[in-house]
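K.L.:
Chains as they are written, first to last, in my numbering: chain A, 1 to 181; chain B, 1 to 256; chain C, 1 to 355.
Check the hints yourself; a few may be wrong.
[Said to hold, decoys possible] Pairs of lysine-lysine residues, derived as DSS-like cross-links and limited to a Cα-Cα distance of at most 30 Å, are as follows: (1) 213/C x 91/B; (2) 49/C x 91/B; (3) 209/C x 193/B; (4) 171/A x 148/A.
[To be verified] Pairwise CB distance ranges, derived in the manner of DEER restraints: (5) 184/C x 194/B: 56 to 66 Å; (6) 2/A x 126/C: 33 to 43 Å; (7) 162/A x 34/C: 22 to 32 Å; (8) 171/B x 197/C: 33 to 43 Å; (9) 171/B x 45/C: 29 to 39 Å.
Hints in this document: simulated from the structure, not taken from any laboratory.
The beta-carbon is built from N, C-alpha and C at its ideal position, and this holds for glycine as well.
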Amino acid sequence: MARHLDAIIAGFGGQGVMLIGNLLAYAGMKDNLNVTYIPVYGPEMRGGTANCTVVLSEEEIGSPIIRRPTSLIIMNRPSLDKFQPRLQDGCVNIINSSLIDMELADKERVECHAVPCNDIADKLGNTRMANMVALGAYVQATGIIPLKAVIDSLPNVISAHYHKLIPSNAKALEAGAELIG
Amino acid sequence: MSEMNEKLVFDRPQAVIDRPTHYCPGCHHGVAHRLVAELLEELDVVEKTLLVTSIGCSVFLYNYLNVDAVEAPHGRAPAVATGVKAARNDKFVFAYQGDGDLASIGMAEILHAANRGERIAVVFVNNTVYGMTGGQMAPTTLIGQKTTTCPEGRCLEREGAPIRMTEIIAGLGGTAFAGRASLDSVKNIRTAKKYIRKAFQCQLEDRGFGFVELLSACPTNWKMTPLKANERIADAMIPYFPLGVFKDVTEEGGEC
Amino acid sequence: MTKQPERIFVKGNEAVARGALAAHCKCFFGYPITPQNEIPEFLSAEMPKAGGRFVQAESEVAAANMLLGAGACGIRAMTSSSSPGISLKQEAISYMAGSEIPAVIVNMNRGGPGLGDIGPAQGDYYQSTRGGGHGDYRLLVLAPSTGQEAYDLTIKAFDLTFKYRNPVMILGDAILGQMKEAIIPWQPENIDDEAGRDWSLTGADKREKRLIKSLFLEEGALAEQNRTLQTKYDDMQSYVEYEEFETEDAELVVCAYGSIGRIAKSAVRSLRAQGKKVGLFRPITLYPFPSEPLLALARQGKRFLTIEHNLGQMVDDVRLAIRTVADSEFAPIFPGNLPVPEDIEGPVLKCLEGK
Numbered sequence: 001m002a003r004h005l006d007a008i009i010a011g012f013g014g015q016g017v018m019l020i021g022n023l024l025a026y027a028g029m030k031d032n033l034n035v036t037y038i039p040v041y042g043p044e045m046r047g048g049t050a051n052c053t054v055v056l057s058e059e060e061i062g063s064p065i066i067r068r069p070t071s072l073i074i075m076n077r078p079s080l081d082k083f084q085p086r087l088q089d090g091c092v093n094i095i096n097s098s099l100i101d102m103e104l105a106d107k108e109r110v111e112c113h114a115v116p117c118n119d120i121a122d123k124l125g126n127t128r129m130a131n132m133v134a135l136g137a138y139v140q141a142t143g144i145i146p147l148k149a150v151i152d153s154l155p156n157v158i159s160a161h162y163h164k165l166i167p168s169n170a171k172a173l174e175a176g177a178e179l180i181g
Numbered sequence: 001m002s003e004m005n006e007k008l009v010f011d012r013p014q015a016v017i018d019r020p021t022h023y024c025p026g027c028h029h030g031v032a033h034r035l036v037a038e039l040l041e042e043l044d045v046v047e048k049t050l051l052v053t054s055i056g057c058s059v060f061l062y063n064y065l066n067v068d069a070v071e072a073p074h075g076r077a078p079a080v081a082t083g084v085k086a087a088r089n090d091k092f093v094f095a096y097q098g099d100g101d102l103a104s105i106g107m108a109e110i111l112h113a114a115n116r117g118e119r120i121a122v123v124f125v126n127n128t129v130y131g132m133t134g135g136q137m138a139p140t141t142l143i144g145q146k147t148t149t150c151p152e153g154r155c156l157e158r159e160g161a162p163i164r165m166t167e168i169i170a171g172l173g174g175t176a177f178a179g180r181a182s183l184d185s186v187k188n189i190r191t192a193k194k195y196i197r198k199a200f201q202c203q204l205e206d207r208g209f210g211f212v213e214l215l216s217a218c219p220t221n222w223k224m225t226p227l228k229a230n231e232r233i234a235d236a237m238i239p240y241f242p243l244g245v246f247k248d249v250t251e252e253g254g255e256c
Numbered sequence: 001m002t003k004q005p006e007r008i009f010v011k012g013n014e015a016v017a018r019g020a021l022a023a024h025c026k027c028f029f030g031y032p033i034t035p036q037n038e039i040p041e042f043l044s045a046e047m048p049k050a051g052g053r054f055v056q057a058e059s060e061v062a063a064a065n066m067l068l069g070a071g072a073c074g075i076r077a078m079t080s081s082s083s084p085g086i087s088l089k090q091e092a093i094s095y096m097a098g099s100e101i102p103a104v105i106v107n108m109n110r111g112g113p114g115l116g117d118i119g120p121a122q123g124d125y126y127q128s129t130r131g132g133g134h135g136d137y138r139l140l141v142l143a144p145s146t147g148q149e150a151y152d153l154t155i156k157a158f159d160l161t162f163k164y165r166n167p168v169m170i171l172g173d174a175i176l177g178q179m180k181e182a183i184i185p186w187q188p189e190n191i192d193d194e195a196g197r198d199w200s201l202t203g204a205d206k207r208e209k210r211l212i213k214s215l216f217l218e219e220g221a222l223a224e225q226n227r228t229l230q231t232k233y234d235d236m237q238s239y240v241e242y243e244e245f246e247t248e249d250a251e252l253v254v255c256a257y258g259s260i261g262r263i264a265k266s267a268v269r270s271l272r273a274q275g276k277k278v279g280l281f282r283p284i285t286l287y288p289f290p291s292e293p294l295l296a297l298a299r300q301g302k303r304f305l306t307i308e309h310n311l312g313q314m315v316d317d318v319r320l321a322i323r324t325v326a327d328s329e330f331a332p333i334f335p336g337n338l339p340v341p342e343d344i345e346g347p348v349l350k351c352l353e354g355k
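So here's chain A without its partners, still in its complex pose (with noise of 0.2 Å):
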């Protein structure tokens, strides 16, 4: 069957869920598939939340703008309570286990993966990166790219200021995939 999968990613705004939905997109087109990025605003933002929707897909996208995900990232405890229930029976949800009470996630219905983003990301010395061990997490979880596409992908999002940080946001990338294992 043909690679797709789509995902919303969700976060209060400062926690950089944007940044890691451009690079799971890019790193989607590195590894040849179809791309779509689309930061969701409007109302939506008012709810403490900012979230984005992306598209990775092997054949021709339409719809940029999903309504029932395939996929969640869900970094905060107004997204999942948003998002969650939208989620398609039996996808993956990726909890930020740091910030949301794991008695929340809907396990009877979705394959939810408890992933202590903050607590790890602190571990590695910077509690900013919560977000790309998120990520390491999702990529390892639904298998839709290599972790590699991701990590080679870091220096096209990260803006050059920032550069001297690719090494470390790599490393919360491989500390999220590990947790999956």
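Following the hints, position chains B and C against chain A.
P.N.:
Below, chains B and C without anything else, positioned relative to chain A:
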């Protein structure tokens, strides 16, 4: 006297096309056109001139000058001239606007073109009235002056004070030259030509925006004879719109 | 044309800006408004490097008039904005149409009326395809639905605007502008940078002076100018672009353009997977409208459902195209709502059942 003895002592500039103008008797647009044409020749820029005309009586300037021209919407001549200069940086670009066009609907465009220091020149003909549309109140209409839309005379409390454009333009950073002259006497016309030359040279020398205001008569809409209209310039306009140079960076050898 | 295989990952706005640079656009006049800001931002950095000039104008009014000035000089020039700003540009657009000045105008349509919102919408279809300003004129209107099309159609817009000496509008929306996609940039060859050499303002040097204007007061002159414009619009009718998807055996054809066109494609795929015989007709040129291919589909006995992100505008053109043999249903997606395929699947199913 036979034809053989006739000697031409005053010819039209070659940049002016030999055709009758549509202007009313006593109108000063003809004088302003002539000064502009003389300077285009004297500065040797006729072949590289791109003219932007505005809306008002002077829209037909393009019928009288032998240069390439484009017609701008009402008030937008400085924006159109900005685009022309952006496209053809090696050409000489100037706009010619009246007071309704420049000081009312086109206020934003003239201020920002001047402030950016666009390498263009603007000749501003101020006759205190909308001429083409039939004599309505302009932003430069003097207090007490009667027009078809202030039939009792312009009232300071109701319509505000007439706007002194040259002073405003002179206060902007991109302006290299801003001067006000009058077309009511030979002496003043000579000064007007000097100012237009300066405004044009600012572009040719890449110094900045050049601006000249010319106080002019509109006998028809002022409902005066040409002679009376001419006198009104000295009696009523110059006291409110003082003549002179308000900014000249060329004196300091500077640029904007 | 040489296609470079390298893909780049950019927003639709940037795709438009890059397409303009590839098409040798030498002047850009902009003013900030969401959701098109990446166009002026990108070009403010890149246009000077390409030897052109970028001006942030004092208003959309001024920006469009600067465009008029540059276009009169026969230079490839562009402005971009979004709905409220496009309304302000209409003055100069009308003058440019009347004066036959080439120019490219980009509208990343946002929600309206009034200030509306900054999300996607298609409320400016009438404004774009019926002229938009005063007087009777038309713009060529190109409606990309992907980043690649945004790039390709921007390049094409510059050729068309000089071919017809008529302003061309790229009509996108906030989805196209803000979405990032992989595109393949390519460099067109044999661009004629002086395509306006026979009419544009270059200075009356050893030739007759030229005058570019839209004022025609002499008896009969304006009628003659309007006749000239009409002839031009007639000529344009041969230039249509559209996409047909799964229409061959379709009972019901969904008509949608731009971003809604691609979202409708997802809906059609999903419905096909359920065995429903539906197809998609996506106009790429909105003016001229691809009436003939639509009529051909109508003659095969198909039914039509037009779906737009507005209250019903393009549906008029669909109905005009097929009026002799068929009609089109209409389903709105209200501006202010973010459209998803389900918004289209619902009305399509309803329409199929209502047979």
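K.L.:
With reference to the structure, classify each hint as holding or not holding.
P.N.:
Hint check results:
1. 213/C x 91/B: holds, 19 Å
2. 49/C x 91/B: holds, 21 Å
3. 209/C x 193/B: Roughly 24 Å separates the two Cα atoms, so the pair holds.
4. 171/A x 148/A: Holds: residue 171/A and residue 148/A sit about 12 Å apart, inside 30 Å.
5. 184/C x 194/B: 56 to 66 Å: Hint holds: Cβ distance 60 Å, inside 56 to 66 Å.
6. 2/A x 126/C: 33 to 43 Å: holds, 40 Å
7. 162/A x 34/C: 22 to 32 Å: holds, 26 Å
8. 171/B x 197/C: 33 to 43 Å: Distance hint for residue 171/B, residue 197/C holds at roughly 41 Å.
9. 171/B x 45/C: 29 to 39 Å: holds, 31 Å
Checked against the numbered hints above, the structure violates none of them.
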